[in-house]
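For the record, the sequence lines run as chains A and B. The first sequence begins at 1 in the working numbering and counts up one residue at a time. The second sequence begins at 1 in the working numbering and counts up one residue at a time.
Simulated from the structure, these hints should not be mistaken for laboratory data. By construction, the Cβ of each residue, glycine as well, lies at the ideal position given by its N, Cα and C atoms. Among the clues, some could well be false.
Said to hold, decoys possible - Listed below are several chain A residues computed to face chain B (Cβ distance under 10 Å; list not exhaustive):
1) Q41
2) D76
3) E77
4) L107
5) W182
6) A184
7) A193
8) T202
9) A203
10) H204
11) S211
12) A212
13) R214
14) G322
Said to hold, decoys possible - No more than 16 Å apart at the CA atoms, straight line, and that leaves these computed lysine to aspartate or glutamate pairs for EDC-like:
15) B:K318 to A:D201
16) A:K390 to A:D363
17) A:K183 to B:E381
Letter by letter, the chains look like this.
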Amino acid sequence: MLDRRSLLQLGALGGAALWLPRAAAASRPDTRRRLVVVELQGGNDGLNTLVPYADPLYHRLRPNVAIAERDVLRIDELQGFHPALAKLRRRYDQGLVACVNGVGHTLSNLSHFRSRAIWESASESASASPYGWLGRHYTSSMRGVAGLDSPIALLALGRDTLPLALKTNGASWPAIPELAAWKAPADGLLESAAQSEGRADTAHVRECLRSAARASELLARAAGRRTRAEYALRPLARALKSVADVIAADLPASCFFVTYDGFDTHARQAREHATHLQRVDLAIDAFLEDLSALGRLDDVLLLTVSEFGRRAAESGMGADAGTDHGSASLLLVAGGRVLPGLHGRQPDLADLDADGNVKHTIDFRQVYASVIDDWLGGESAKVLGAPYAKLDLFRS
Amino acid sequence: MRAQDQLEPWQPSGDEPWDRERAALLARRAGFGASPQEVEELWALGLEGATSRLLDYPDEDPALEREILLQGSPLVEYPPDGGREPVRVGDARAWWIYRMARGAHPAQEKLTLFWHHHFACQQSEELPADWMVRQNRLFRRLGAGSFRELLGALARDPAMLVFLDGRNNRCESPNENWARELMELFTLGLDRYSQRDVLEVARIFTGWGLAQGGEPRFEFHEEQHDPGPRGVLGRVFEPGTEEQGESLLDLLLEQPCCAGFLGRKLLRWYLEDDPSADLCEAFGCCLRSSGWSLREALRTLFLSRAFHRPGGRAVLYKTPVDFVISAVRGLEVQNPHLLELPRTLRVLGMDLFHPPSVAGWELGPSWIHAGSVLLRAQFAEQIAALPHSARALAGSAALDLDRIAGELGIDAAGGRAQRHARTRAALRRRLAAPEFALA
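Start from the sequences, fold in the hints, and give me the full structure.
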């Protein structure tokens, strides 16, 4: 068996770790497991997150925006993390964080909204499905299943609207901006729901009131938890703390969705990307610390997603330089069972498409398939509409 | 019925008269609803009179400008006239909410909000509040006039130039952000242009930037402009300077898809969550043929058969602003600026000056999910718990419970305190009721 160090080096040469045992597909959904999707909105620049510092093309394409070799947090002689990711780099060394690189799709679209809809619905067609990939996973593997089905099976925290990824046929999940403030009023929501019983036009509202009544009873148990982990007073950190609160209370919430907007770095990328990556770094690190103290690290898989990466070449000048919308990018996976190292490979900067974008080597639905089947014990072919070649991202 | 016929003027009849219900519907859709007294006044004017009362407002409202002051804003043009001491707020959102809640022209504020949703920009460190307020005033002043004029003003608006990086769009390195969103979100819709068009449009707008120093304002920097010939959407543009941009905006409005695209956005705001493609097209044509006049297009809409059809009520989900402001206006809450309404709107999903993205907000049933219904019920509880006052109280937000009890027909048995308690309970129920979520 290879040691961790050699494994990481091999990962850097490209390709997944082929000879570690594939995580046995969970035979049925594991009620202890949790999935936390962190959506980095705007289009996260993968090239500057895991930097191919040794590639001269990288510096030539981005004279202002490229991360200097001396600043990179080296992983090997080819790549390293953006300097703002110091804590995640440490977690990477501990084997709790892995990178999946070159992830994109053929339905290449440079519109935020189209691309985000594609990622959240995992939809083939140009007109996106009204339901999300997690919504469809719920329908196919969780609905009516004891221990899994609950009014909070899917949960959006730190958000005031429900993301498409969670939209589900016949169910309404809560999107909760601040968990501590989310308490049902004394009058009761069920009483409100009963008011217009029988009217078809208010069916949706009434259903949501009933869901909210049940959800608020459950979520009240997550209130008032203390933790040693140091979460910053920032939206993503708060959202992840709320996720940890719900996990700590052993509530029947399986899939969490949180978002962080700020990655659309058309201009001033050097400063802005660094700021946002640092916040992500601190928030995820605090979350992992918290889960470790709770003894739940092995039950949790955190996955970052983004609607696209950025253009290979920069635009603009000096400190104002930035990048336009791109294509393939990097995902991070974190958790106690993650297979450490690098999965996939750095995009080839010498092989750009007609728009000047890098080409992907992993379809994002391969990542979803791995998560749905091997982590959540679901049926990815049903959820995604087709089977996809899976990746070894975590151990059984 | 053909879409075109649906826009023909509606005729009241014995079965379907012009009644107070219809006046209330008009007030809800054109603005943010009305108190029973206001509904009575609108009804008495008849449909055309009520529509005119709502839509034919002046561009400026000096009385309101004197009533509510945004501290730190450089734009106060109406010094106090020795009348009542103005309300002063520090938060630009609270300033706008006050206008919505207390202004005499709610239709103007509703249309201003539509433009904020359509030409969505987000306040940030880079884009401070007073730039957003300037843009807000632009929407208010030009919003009911010609869309073409408004579009030209937005292309030069400092907040927009910052938000979509227009000010960084230069000859030697074009920035695509404005070019893309101009076509995708502001005029044509998705997939109505190519990536090549985006690049060419970006080049056309190079040099459209900000003046150095002084008040934020537009300046065309000729040395940053790429003057070459351009090809966009099949049209060739001669080499030129600033006029290339104006011609490009004309071209966008000439695109066949533009009218339907704007028509759909407006109908989803004013008529129903899911208007038919034909109706969107017909209404768009109506907008175009009125010289792109928003006021006239909306007048046609509010007088139309489509608007007044039986079954034309409760077909639009209220935005959080509609929900909150209709409660505040309908109940004639005194001193609404003393409630934390900016925060309430934010947790309900509609943070003013902070739309989730340049695509604005997601309208329709998405406003209602298990999370937001609980928060709306919390708001209902909060409003119903306000202290009683029959006159404006300086120190707090209050309701005139006696008047409301009268309007709701709450009987006086058991004395005043009990009557008030029953009134509060009735209000809570009404505001939290599922049908209050619909307009």
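Outcome of the hint check:
1. Q41: Hint holds; Q41 of chain A Cβ to chain B Cβ min 8 Å, cut 10 Å.
2. D76: violated, 33 Å
3. E77: Cβ of E77 of chain A sits 32 Å from chain B, so the hint is violated.
4. L107: violated, 12 Å
5. W182: holds, 6 Å
6. A184: holds, 6 Å
7. A193: Cβ of A193 of chain A sits 7 Å from chain B, so the hint holds.
8. T202: holds, 4 Å
9. A203: holds, 9 Å
10. H204: holds, 6 Å
11. S211: holds, 4 Å
12. A212: holds, 4 Å
13. R214: Hint holds; R214 of chain A Cβ to chain B Cβ min 9 Å, cut 10 Å.
14. G322: holds, 8 Å
15. B:K318 to A:D201: holds, 13 Å
16. A:K390 to A:D363: Holds. K390 of chain A to D363 of chain A sits at ~10 Å (cutoff 16 Å).
17. A:K183 to B:E381: holds, 12 Å
The structure shown violates the earlier hints numbered 2, 3 and 4.
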